[in-house]
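Please model the complete structure; the sequences and the hints are all you need to start from.
Residues per chain, in single letters:
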Amino acid sequence: MADKILNKIYVKVWRQNSPKAKGRFETYTVENISQGTSFLEMIDILNDQLILGGKDPIAFDHDCREGICGMCSLYINGHAHGPDTMVTTCQLHMRRFNEGQTITVEPWRVGAFPVIKDVMVDRTAFEKIQQAGGFVSVNTGGVPDGNTIPIFQDDAEEAMDAAACIGCGACAATCKNSSAMLFVAAKVSQFAKLPQGQVEAKRRAKAMVAKMDELGFGGCTNTGACELACPKSISIAHIARLNREYLVAKLSD
Amino acid sequence: MSILNSNIPEGPISQKWSNHKAKIKVVSPANKRKLEIIVIGTGLAGASAAASLSELGYNVKAFCYQDSPRRAHSIAAQGGINAAKNYQNDNDSVYRLFYDTVKGGDYRSREANVHRLAEVSPNIIDQCVAQGVPFAREYGGLLSNRSFGGVLVSRTFYARGQTGQQLLLGAYSALNRQIGAGGVKMYTRHEMLDLVTIDGKARGIIARDMVTGEIKRFGAHAVVIASGGYGNVFFLSTNAMGCNASASWVCYKKGAFFANPCFVQIHPTCIPVHGSQQSKLTLMSESLRNDGRVWTPRKLEDAEKLRKGIIGPNDIADADRDFYLERRYPSYGNLVPRDVASRAAKERCDAGFGVNSEGKAVYLDFKYSIERLGRSTIEKRYGNLFQMYEKITDHDPYKEPMQIYPAIHYTMGGTWVDYNLMTTIPGLYAIGEANFSDHGANRLGASALMQGLADGYFVLPYTIGDYLAGEIMVPKIDTNLPEFIEAEKGVTTKLEKLFNIKGKTPVDHFHKKLGHIMWEYVGMARNAEGLTKAIKEIQELRVEFYKDLLVPGEMKNVNPELEKAGRVADFIELGELLARDALNRNESCGGHFRVESCTEDGEAKRDDENFAYVAAWEFKGVDSVPVLHKEDLVFETIHLTQRSYK
Ligand SMILES: Cc1cc2nc3c(=O)[nH]c(=O)nc-3n(C[C@H](O)[C@H](O)[C@H](O)COP(=O)(O)OP(=O)(O)OC[C@H]3O[C@@H](n4cnc5c(N)ncnc54)[C@H](O)[C@@H]3O)c2cc1C
Ligand code: SF4
Ligand code: FES
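Those protein sequence lines, which keep their order, are chains A and B. By our numbering, the letter at position 182 of the first sequence is numbered 423, and the numbering carries on one by one without gaps. By our numbering, the letter at position 546 of the second sequence is numbered 844, and the numbering carries on one by one without gaps.
It is worth saying that the hints were derived from the structure and are not from the lab. Quantities reported herein were computed from a predicted structural model and do not represent experimental measurements. Hints should not be assumed to be uniformly reliable.
[Unchecked claim] Okay, derived cross-link-like pairs now, EDC-like style, lysine to aspartate or glutamate, Cα gap no bigger than 20 Å in a straight line:
#1 B/Lys795 x B/Glu827
#2 B/Lys795 x A/Asp297
#3 B/Lys658 x A/Asp244
#4 B/Lys603 x A/Asp244
#5 B/Lys834 x B/Asp846
#6 A/Lys263 x B/Glu602
#7 A/Lys245 x B/Asp692
#8 B/Lys332 x B/Asp806
#9 B/Lys854 x A/Asp363
#10 B/Lys551 x B/Asp921
#11 A/Lys296 x B/Asp846
#12 A/Lys296 x B/Glu852
#13 B/Lys689 x A/Asp244
#14 A/Lys296 x B/Glu794
#15 A/Lys369 x A/Glu441
#16 A/Lys261 x B/Glu512
#17 B/Lys678 x A/Asp396
#18 B/Lys678 x A/Asp363
#19 B/Lys811 x B/Glu794
#20 B/Lys810 x A/Asp289
#21 B/Lys483 x A/Asp363
#22 A/Lys261 x B/Glu852
#23 B/Lys802 x A/Asp289
#24 A/Lys296 x B/Asp806
#25 B/Lys802 x A/Asp297
#26 B/Lys606 x A/Asp244
#27 A/Lys245 x B/Glu688
#28 B/Lys845 x A/Asp289
#29 B/Lys811 x A/Asp289
#30 B/Lys697 x A/Asp244
#31 B/Lys689 x A/Asp325
#32 B/Lys854 x B/Glu794
#33 B/Lys800 x A/Asp289
#34 B/Lys658 x B/Glu602
#35 B/Lys800 x A/Asp297
#36 B/Lys903 x B/Glu827
#37 B/Lys678 x A/Asp395
#38 A/Lys261 x B/Asp507
#39 B/Lys665 x B/Glu698
#40 A/Lys245 x B/Glu656
Structural data, given as structure tokens:
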């Protein structure tokens, strides 16, 4: 079965030449797009058109194009990663759009993620949070056999649920407070569910939350918007766990 | 006599690594602090190496082109990682993993390297568990295993369908700890564009800051290439968009030999190409072949009706379905190795039995296992893959068979390294998919992750000391030396050249053209005539590229088109070498199938007499023919036999 063709769509996209430059929206017409095309392939086609027309193509982040590396971003028609659920922008297909539609494409709008160019943003802040405590302090070698400590299957599964976070930033981009709580909670929660993570649990929760605050992410007011936007369905139950971990850590100060 | 010295240690195979470790030199902690190492890439290989080297006390500078080390393409690996733990008590052992890998590689890998890989494999699992990698567990709390194609034991560890992600996040966390502690300086969005050698030794790199466009120099006492594979030379592959060969390629041009470029793995179960605008291909895990049956219609007229959309797969009765893998390979059936399954699919489609509008797809059908096991069992096993398939194709694989077709997936070839993982340039190392070492002509499933982490955690941190022990008197490398200035100038000139062509054709068009040539003549079935033609067409493409390329934007700003142009320029040269290597190797082995070398019933035929060697190519200039050096493969432990899956 062949996919339907969209004869004409309009792409209204944020253009900004550099971090300090003033940005603006520009609208482009794209013709003849198969609905089987992915959203980013549609942008590829638009970019080809721009280049051939002597214009600068739209800079956007992407890499794996299969929903796992977390590189792609984009706020599409008011939704992080677009109107489909449980997918990243790179997995979004043109089936979700209609003939003649205007599609608005913006970068993540988070203070801690400054625009680099067009819809490409700088997520170094996420790196700094991970460097502050997102690890178990073991060196290579000299560790016990993998089966020394049995782990409840349910705990391992829950740890895996949390560990599925791809670090895309959609949670912070969706949150009205620009909070990175879901992202931080995912890491803290993964380790909280595993015996290997216990030793440093208190230090980790405190260090990661402190770093998040320091970098200018907002506080969490439990709106739950992040969970809905998250392409990996990371649950806000992890935020509750992070809060518990954090409280315990603070109490023992 | 070959000038290649593989430095394989003396002694029986099971003693070689221990003997070697006992003999190689060690650098004192005080001296480690004075030494610098550059690591290019932060996938499983690079991240594990950078973290481990920093833990030892070396000063590490790590580079990746993405905005975070966590996004390296290792993240996309689905199925699992092998290790000879024998947790299942099914008589697995280091020897068996070693044997399976050598056999699976169709006897074109180096025994000593493979044995070491098998030896260190159990440590990898321990390390990952200690880091908090959430591997799948049994009810009793112990680690769970699954089996993979081509082997008889259950030795694959996994974390749902996201094993690569979890292993990489483990290595990334170790790396982050070192970045936080100051032992690793991380350069994200930096692309290595040249290697700097001084007096024949690797001493640094030139990189472009992909945000500002600035060209920068970095010095070190050793350089490690962990930049992944070159599958994107085919344009369409299961690799990420940015995967490239440029880091390896500039090393090749500076004197590092490139080995077995023609050994490329084509994975049988990928979602077929649709239309002409597709940018990449998506893998459907090998594990699906455990429960899916592969078929095409038995009658040509049915295939025709399917292609036109007049009938659907469910309209074809069982008797009219040709389960060609089960027919041709009764003992392995749908679980034949990747190369065999891929060629069989191509054979059916070439014969006119392809089922999608392009005629380039076969069915992978779960109807039978759903009938046998129930939908919920299949959902538990493959739910996420089925969802991914449906999102991409808009078809429900619970209701009708998946369409699949082979696609480029992995590259066994790569930079030549000796037993220490050092290239032919002293002080330059290559690890992970970037080197050629352990998989011969075909890689077994779940073994790439194992190799990347083995190299980074447990091999390189030992072997690099042997070289660096001789460098302790060398002061911090001065990046104002003429060699650095010259290399930087070279990079700037190369970029300016690309930028100033100001032709009419954007880079993707050239990349697609290259991909077509590669897939057509250097793909699943190769012959001398086609390969010769490919070499000629690639050379012509290169000329056209430098005449008509159009790179928009600015040099000193974010410029993805400029990045791509540099990569494609290198891919064009690499494509030619790949075809040359394939032309030279007039035998069929593993993923390399020469039509001239097959049995009467069309199966691959190896030629051990003439080709039991590693082909290591030496660069002699872009317009000159490279020189072939042969490293003879000596099999002391394993007896060579023809593979059969009938
Ligand atoms: C879809 C898919 C599924 C797979 N599934 C499995 C599986 O189940 N089991 C298995 O064992 N194997 C699997 N493989 C293979 C395996 O994932 C890879 O071979 C392996 O992860 C490669 O790791 P690496 O560290 O060598 O390279 P990569 O992970 O590719 O990392 C390359 C790194 O180099 C950097 N880099 C590249 N070029 C430059 C440059 N010029 N300058 C600076 N940095 C650069 C990148 O930024 C990146 O950090 C799969 C592969 C794919 C594509
Ligand atoms: S929690 Fe979800 S939305 Fe936030 S970074 Fe992780 S995957 Fe993205
Ligand atoms: S490009 Fe990797 S998740 Fe979208």
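Evaluation of the provided hints:
no.	hint	result
1	B/Lys795 x B/Glu827	violated, 34 Å
2	B/Lys795 x A/Asp297	holds, 19 Å
3	B/Lys658 x A/Asp244	holds, 17 Å
4	B/Lys603 x A/Asp244	holds, 18 Å
5	B/Lys834 x B/Asp846	holds, 18 Å
6	A/Lys263 x B/Glu602	violated, 56 Å
7	A/Lys245 x B/Asp692	holds, 12 Å
8	B/Lys332 x B/Asp806	violated, 44 Å
9	B/Lys854 x A/Asp363	holds, 17 Å
10	B/Lys551 x B/Asp921	holds, 12 Å
11	A/Lys296 x B/Asp846	holds, 17 Å
12	A/Lys296 x B/Glu852	holds, 11 Å
13	B/Lys689 x A/Asp244	holds, 13 Å
14	A/Lys296 x B/Glu794	holds, 19 Å
15	A/Lys369 x A/Glu441	holds, 18 Å
16	A/Lys261 x B/Glu512	holds, 17 Å
17	B/Lys678 x A/Asp396	holds, 18 Å
18	B/Lys678 x A/Asp363	violated, 37 Å
19	B/Lys811 x B/Glu794	violated, 23 Å
20	B/Lys810 x A/Asp289	holds, 13 Å
21	B/Lys483 x A/Asp363	holds, 18 Å
22	A/Lys261 x B/Glu852	holds, 16 Å
23	B/Lys802 x A/Asp289	holds, 11 Å
24	A/Lys296 x B/Asp806	holds, 16 Å
25	B/Lys802 x A/Asp297	holds, 14 Å
26	B/Lys606 x A/Asp244	holds, 13 Å
27	A/Lys245 x B/Glu688	holds, 17 Å
28	B/Lys845 x A/Asp289	holds, 19 Å
29	B/Lys811 x A/Asp289	holds, 15 Å
30	B/Lys697 x A/Asp244	holds, 19 Å
31	B/Lys689 x A/Asp325	holds, 10 Å
32	B/Lys854 x B/Glu794	holds, 11 Å
33	B/Lys800 x A/Asp289	holds, 15 Å
34	B/Lys658 x B/Glu602	holds, 12 Å
35	B/Lys800 x A/Asp297	holds, 14 Å
36	B/Lys903 x B/Glu827	holds, 19 Å
37	B/Lys678 x A/Asp395	holds, 15 Å
38	A/Lys261 x B/Asp507	holds, 18 Å
39	B/Lys665 x B/Glu698	holds, 8 Å
40	A/Lys245 x B/Glu656	holds, 17 Å
The earlier numbered hints that this structure contradicts are 1, 6, 8, 18 and 19.
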